[in-house]
Amino acid sequence: MKALVWQGANELAVTRVPDPHLRNEQDAIVQVRKTATCGSDLHLLGGYDPYVRRGDVLGHEFLGEVVDVGPQVRKHRVGDRVVVCSSVSCGRCWYCQQQEFSLCDNGNTNPALTEAARGIASGGCYGYGYAFGGFAGSHAEYIRVPYADQGAFAVPEGLSDERALFASDAAPTGWMGAHLGGVKPGDVVAVWG
Numbered sequence: 001m002k003a004l005v006w007q008g009a010n011e012l013a014v015t016r017v018p019d020p021h022l023r024n025e026q027d028a029i030v031q032v033r034k035t036a037t038c039g040s041d042l043h044l045l046g047g048y049d050p051y052v053r054r055g056d057v058l059g060h061e062f063l064g065e066v067v068d069v070g071p072q073v074r075k076h077r078v079g080d081r082v083v084v085c086s087s088v089s090c091g092r093c094w095y096c097q098q099q100e101f102s103l104c105d106n107g108n109t110n111p112a113l114t115e116a117a118r119g120i121a122s123g124g125c126y127g128y129g130y131a132f133g134g135f136a137g138s139h140a141e142y143i144r145v146p147y148a149d150q151g152a153f154a155v156p157e158g159l160s161d162e163r164a165l166f167a168s169d170a171a172p173t174g175w176m177g178a179h180l181g182g183v184k185p186g187d188v189v190a191v192w193g
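Mind the numbering: the sequence shown is residues 1 to 193 in the UniProt record's numbering, read in order.
Some hints could be false.
[Unchecked claim] For lysine-lysine, the following DSBU-like pairs were computed, each having C-alpha atoms within a straight-line distance of at most 30 Å:
no.	residue 1	residue 2
1	2	75
2	34	75
3	2	34
No lab work stands behind these hints: they were computed from the structure. Note that the coordinates shown come from a computational prediction; the quantities given were computed from them, not determined experimentally.
From just these sequences and the hints, can you work out the full model?
So this is what it looks like as structure tokens:
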């Protein structure tokens, strides 16, 4: 399949990479229909994250169509249109039960790297280097979605791909910013960036 890969600081290339496959019973494979570039991707592009390697597929904001599911996936079927959360989380660990999905104990295969680099072990994230689990990103034709029942959400009929795409990362980031800032209905705010 074709994918957008990091080749070094400020160098990207569209190249062929292996198709993803189911690795665990809770995985789904999604054919990417829409993907977006996040401001955080620019940190990777510039080479500011030492845990990105040449050939890594970038991207973590996406939606698409389910084309394969593992035997433990219960919420999704082949043909379903889904938007996928940017973080990889299991839904069962203590952090997930506290709705702190970005700190999931099981979503990152390399938590010691993020703890060493950032002072806290975090969960996984698509297309964000080996410190965040080394998951291939969404700037590709297909992507493996671990814990699909936890991180993939059905897109309602009548909602366009363009509108639903923002539910993956952009809208939750704005919501979290408003929540942390104590913004209430009727408040006047300024947004930079």
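Going down the list of hints, with the structure as the test:
{"no.": "1", "hint": "2 <-> 75", "verdict": "holds, 28 Å"}
{"no.": "2", "hint": "34 <-> 75", "verdict": "holds, 21 Å"}
{"no.": "3", "hint": "2 <-> 34", "verdict": "holds, 14 Å"}
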